[in-house]
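Assembly of the complex is requested from the two constituent chains, each provided in isolation within its own frame, with the hints serving as guidance.
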Amino acid sequence: MLYREAGDFKTSYVADNQTFPIKFDRYGYYFILGFAFLVMPLIINDYWANSIVVPFLIYAIAALGLNILIGYCGQLSLGTGAFMACGAYGSYKLMTAFPDLNIVIVIIMAGFITAGVGVLFGLPSLRIKGFYLAVATLAAQFFLIWLFTRTAWFYNYSPTGMISAPTRELFGVPVTGPRASAVSMYMLCLVFTVATAWLARNLTRGSLGRQWMAIRDMDIAAEIIGVNPLMAKLTAFAVSSFFVGISGALLFTVYLGAAEAGEAFGIEKSFLVLFMVIIGGLGSIFGAFAGAAFLIIGPVLLKLLLVNGLGWPTDLAAHLEIMIIGALILVFLILEPHGIAALWRTIKEKLRLWPFPY
Amino acid sequence: MSDTLLFAMEATLNGLTAGVMYALVALGFVLIFKASGIFNFAQGVMALFAALTLVGFQSGQIPFSHLINAMFGTRLHHFGWNMPTLLAIPATVLVMILLAILVERYILKHLVNQEPIILFMATIGLAYFLEGVGDIMWGAEVKALDVGLPKGMSGAVDDTTFAWFGYGFYIDRLEIWAAGIAALLVAALTVFSQYTKQGRALRAVADDHQAALSVGISLRFIWVLTWSIAGIVALVAGIMWGSKSGVQFSLSLIALKALPVLILGGFTSIPGAIIGGLIIGVGEKLFDFFMSPIIGGATENWFAYMLALVFLLFRPQGLFGERIIERV
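Residue numbers (our numbering), protein chains in the order written: chain A, 1 to 358; chain B, 1 to 328.
Heads up, some of the hints might be wrong.
[To be verified] SDA-like cross-link-like pairs, simulated, lysine to any residue; straight-line CA separation at most 20 angstroms: (1) A/Lys303 - B/Ile68; (2) B/Lys109 - A/His338; (3) B/Lys34 - B/Phe192; (4) B/Lys109 - A/Gly7; (5) B/Lys34 - B/Ile101; (6) A/Lys303 - B/Lys34; (7) A/Lys303 - B/Gly73; (8) B/Lys34 - B/Asp207; (9) B/Lys151 - B/Ser245; (10) B/Lys34 - B/Tyr195; (11) A/Lys348 - A/Leu335; (12) A/Lys93 - A/Leu256; (13) B/Lys244 - B/Asn301; (14) B/Lys109 - A/Pro337; (15) A/Lys93 - A/Pro166; (16) A/Lys303 - B/Leu67; (17) A/Lys303 - B/Ala140; (18) B/Lys143 - A/Asp315; (19) A/Lys303 - B/Asn69; (20) B/Lys143 - B/Asn82; (21) A/Lys303 - B/Phe72; (22) B/Lys34 - B/Leu189; (23) B/Lys143 - B/Ser59; (24) B/Lys151 - B/Ile176; (25) B/Lys109 - A/Leu328; (26) B/Lys143 - A/Leu316; (27) B/Lys244 - B/Leu13; (28) A/Lys23 - A/Gly7; (29) B/Lys34 - B/Ser193; (30) B/Lys109 - A/Glu336.
[As the list claims (entries may be wrong)] With beta-carbon atoms standing in for the labels, derived distance ranges: (31) B/Ser245 - A/Thr96: 36 to 42 angstroms; (32) B/Met71 - A/Leu123: 49 to 55 angstroms; (33) A/Phe35 - B/Phe64: 30 to 36 angstroms; (34) B/Gln198 - A/Leu123: 42 to 48 angstroms; (35) A/Phe35 - B/Tyr106: 56 to 62 angstroms.
FYI, nobody ran anything at the bench for these hints, they're computed from the structure. Glycine is no exception: its CB is placed at the ideal position from the N, C-alpha and C atoms.
For reference, chain B alone in the conformation it holds in the complex (with noise of 0.2 angstroms):
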């Protein structure tokens, strides 16, 4: 077998794990976009966000340290104590249950009724005041974090390649580990939004909030129930790209790499989110590996954007996306 076939298969493996990756984060806007027709651009800042509180609570730092000394001229940092991670991540989600809770009551209650695109600039200016606020809490700089999965080369997926084809292909122990979260994750939403009651009511609101509010389901709770689990997707999501590169403020920007994603998977489709994830991870692998002789590297950057841009012109609901239907 040539070695550029080789390559090109290690490289489409790569991107389907990266891809994964992408689907994570793209699951959250999923989640919000269905539920309120809310585009959360916010959705990066809260991984970030959710990241750093975990690692704030497992080392055991004190929120605003760097706020409350500069005020008052202490030398605060630490507890001086370290919670399990077990212990860390359920308070975690409660501090994203508490984010949804404020967001709810604090911006979306006083935007009902307002145009996509206002509602859209509204969550980038929570973008900013969240990463402020994380910033300032929990400090700018580089953490590593840690809860325990796996890291480095997986040893299998070397052994086995080279017995078949002479070659060992690299492929992370931390995004096979992230494949199986995501499928996890996808699962438990899908059970939840099918069998349980507050999922059905979900399925309401998504479908027609007027005719979900005359049947008594309250809007606000569904709101803040959304948010909560977008929160939750954020922390996963935050978690992986956390132990994989370190949590730092890049973390954020995953969000711009989940936009092309929604677009070639369509904004309301949780399948949707997956499989674009898979072809954006894997295209932008191998257009960088056919590529970057000709043109450059680093064209990861923008060949999504430019994927999503082509397929705008032809297909705009996305792969599974509803039919965007105007009438006058």
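Chain A with its partners taken away, still in its complex shape (with noise of 0.2 angstroms):
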């Protein structure tokens, strides 16, 4: 009743094969892009953006970018964080060296600069998987931090090792430092969101999508049918990085202003990129807005709760949060290992039935 597909025909190939092939989707999806665009700006305040919308916009780009590379292609990685820091430290040094040069070309550099060490710490893949990957990947995080915080090439030789980010305007309206206002920041986030995912979800319904997936359900069955795990895994790990890249990027620019690599991309970020993948559920689009959400808006609520509700002290509310998160990707992973995108989709099928169970 709430929810139907019937009467929904399709005529002829393209329409069966867009995105959002049934109808009542395809006008949500409108619908909240309108929203989006049109609505949130006009009532958006300072609070919302720094605290709920902004962190959500940028986590969520993180997630796509490391939802391809361990939801589609199968690879852990535990070194997003570092990743993030090379999109951070890629989009500061570009932003002094050339200031003339646009934020938005900006970013995307910074994503291709991570997208290229991606690749090179992906090298390892092809020899080895599973947690050894882990492993490897963790040799990223360390290093790649270690090397940001003790050359000091990279801060420009500033004197306290922290990177801050310049006023960048955007059609006359700066989008970037201290003068940026919450709408500004938003906007910027919100089309590069809406770019990424629009981009992650075409590349992996495309060919390369499914060379990812064939890699990731049995590797060696991929390559005898014909799959080349070299380009396979190395393109996963490239489009995972410039996806993460472009987080870290706006992370830095648009929503901390300014960082410390070991304080701002420590492993904790790693851990908690991965954490909304599975939650959210590995290997699905909308998997990564909803682990994002999650574990924004969730944090925050339990904040609201317990400091400002009952008045507990703020370091039992932190570790409550640990704990709770803990508990969590448990629950997630022993009762329902795809996430949240797959009780959506349970509760999906059930409205399809509503009233009637069967």
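Written out as structure tokens, the structure reads:
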């Protein structure tokens, strides 16, 4: 009753093959896009932008990237934090070296730089897999962070070792630096999120995506049916790092404004993004968004409830948060290994038949 | 004898003792991996949790006092007595066994036959959960741990080396003790797995789950047993690291230090864990000693990983690991 596809006839292959073949889904998608682009800029304020919406959009990009690597290609990576740092430091160096360069180009180029680094650290994946690879990516995590904190060139020899984003304008509106308004920050992140999600969705639907999934499901069999494992794995690393790099660049330039590699991009960031992917759902674009939303909004709600509502000390709330996140990971892995995305799919199945059970 | 050589020798010796400390953590990984094929990321947090519990028992802290205080507005902190170390250690062992039972019942049982990568991620979740529980139970502030092990510079080593080379080496007495305890632990584990019935069952399970099940070995009991032993090893590692640098959050990060040790030594070999630990410990100290004037200090953070990474490319199974064979 609530959700039906009967009477939704397709008369061409193109119509059958589109991203959202069901009319209800499609209109829902248009509605969300319209709301995000037209209504949100009018109602957004600093608090909402800074505590929920902007970090959600930025982490959604990172989760999309990691989901391509883990969910679609089956290569576990624990180096996400370092790749985000790559994006951040790449964008910082570009912004300071070429002050006239458009900020959008800077962020995209930071993504490409990270893609290069990602491929470099993805090379061992040709010989090793599973948690051996996880350890190899941990090498990337520790080495890159060490490099960024020790080599003064990366932070332009600033005495504090911090990098801080200078103000850059887009259409005459400052989008980075201290003068940027909530709306401009939000719009920049939104454009990037929609673009990367669109890219990810179409890449995973195409031949490249099918190659990744073949490698994930059984790499030896994939090789036999003609998938080149070298190409498939390295493209997965490249695309994934590209996304993660963009998210790191946005996190630094738009959201944080100033960062220090060890603090902002430590191994906790890697785990945070990994948890978003697990809780949201491995191998699903919607899952990346759901996971990011869950892990951004959840702690905010918990803090509101415990610290502001019940007046508990902050450190206790923080420990409870860690505990709850850990427990949630376990619960999701045991009960629903495919995450929130699979829950959503089940709900849709039920609604399709409602009010009759079968 | 030149000064550089002397300093390098001291660095090597320090590396050896540091390596033993890494090996202690790596041992716990190897045990669980051997018996269940699970790569237990939570081993470091288990060491932290064990050390926290030990300190808590010793000082008579009330578990969850912070939470209780926050919920009911009370001011509970201590029971008002101090437990002797000899009683506190068995009590902590009991807690670790209880933890093993809970982990088996509520996590492992439901994840049988899942892919190793899912199990690995589950242990990451367990690590977070346990860290949160430990902090809530005993408080997150840095605590000093004293179980009566000697600390400070070893006079004997200093005097001997001074007599030989005219330059006294600095070795922490605690680390010499740690080396001795690690040797004892390995000996005990070897005797246990070679000469007892449960040890044989353990090896059977490690070899082939299905075959072990079909000859009547209870997989669930074996899992509880391995996690309990791993918990005890974690307690030993926690005592050593805790006595050295205090019981605090960073203790859980030694697990990350043990990963490259495993890659080097092989995931399934107990001697491999020890030798891998020694190689990493010595390599780290020597690399830092020779390279830090050139590329800057604090290379310890990543050297072990890069070494492991390079090593992986040539010998993925590690020095003593079993060959990875894949058939289609």
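A quick look at each hint next to the structure:
1. A/Lys303 - B/Ile68: holds (18 angstroms)
2. B/Lys109 - A/His338: holds (19 angstroms)
3. B/Lys34 - B/Phe192: It holds: about 15 angstroms lies between the C-alpha atoms, which stays within 20 angstroms.
4. B/Lys109 - A/Gly7: violated (46 angstroms)
5. B/Lys34 - B/Ile101: Distance ~18 angstroms between B/Lys34 and B/Ile101 Cα, so the pair holds.
6. A/Lys303 - B/Lys34: violated (41 angstroms)
7. A/Lys303 - B/Gly73: holds (19 angstroms)
8. B/Lys34 - B/Asp207: holds (8 angstroms)
9. B/Lys151 - B/Ser245: holds (11 angstroms)
10. B/Lys34 - B/Tyr195: holds (17 angstroms)
11. A/Lys348 - A/Leu335: Cα-Cα ~18 angstroms, so holds.
12. A/Lys93 - A/Leu256: holds (16 angstroms)
13. B/Lys244 - B/Asn301: holds (19 angstroms)
14. B/Lys109 - A/Pro337: At roughly 15 angstroms apart (the allowed maximum being 20 angstroms), A/Pro337 and B/Lys109 satisfy the hint.
15. A/Lys93 - A/Pro166: holds (11 angstroms)
16. A/Lys303 - B/Leu67: Roughly 15 angstroms between the alpha carbons, so the hint for A/Lys303 and B/Leu67 holds.
17. A/Lys303 - B/Ala140: Distance ~18 angstroms between A/Lys303 and B/Ala140 Cα, so the pair holds.
18. B/Lys143 - A/Asp315: Holds, at roughly 17 angstroms.
19. A/Lys303 - B/Asn69: holds (18 angstroms)
20. B/Lys143 - B/Asn82: holds (15 angstroms)
21. A/Lys303 - B/Phe72: holds (19 angstroms)
22. B/Lys34 - B/Leu189: Distance of about 13 angstroms is within 20 angstroms: holds.
23. B/Lys143 - B/Ser59: holds (10 angstroms)
24. B/Lys151 - B/Ile176: holds (10 angstroms)
25. B/Lys109 - A/Leu328: Between B/Lys109 and A/Leu328 the Cα gap is close to 17 angstroms, so the pair holds against 20 angstroms.
26. B/Lys143 - A/Leu316: Measuring from Cα to Cα gives roughly 17 angstroms; hence the hint holds.
27. B/Lys244 - B/Leu13: This hinted pair holds, its Cα atoms lying about 17 angstroms apart.
28. A/Lys23 - A/Gly7: holds (10 angstroms)
29. B/Lys34 - B/Ser193: This hinted pair holds, its Cα atoms lying about 12 angstroms apart.
30. B/Lys109 - A/Glu336: holds (15 angstroms)
31. B/Ser245 - A/Thr96: 36 to 42 angstroms: holds (39 angstroms)
32. B/Met71 - A/Leu123: 49 to 55 angstroms: Holds: the Cβ-Cβ distance is about 52 angstroms, inside 49 to 55 angstroms.
33. A/Phe35 - B/Phe64: 30 to 36 angstroms: violated (44 angstroms)
34. B/Gln198 - A/Leu123: 42 to 48 angstroms: holds (44 angstroms)
35. A/Phe35 - B/Tyr106: 56 to 62 angstroms: Roughly 41 angstroms apart at Cβ, these two residues miss the hinted range, so it is violated.
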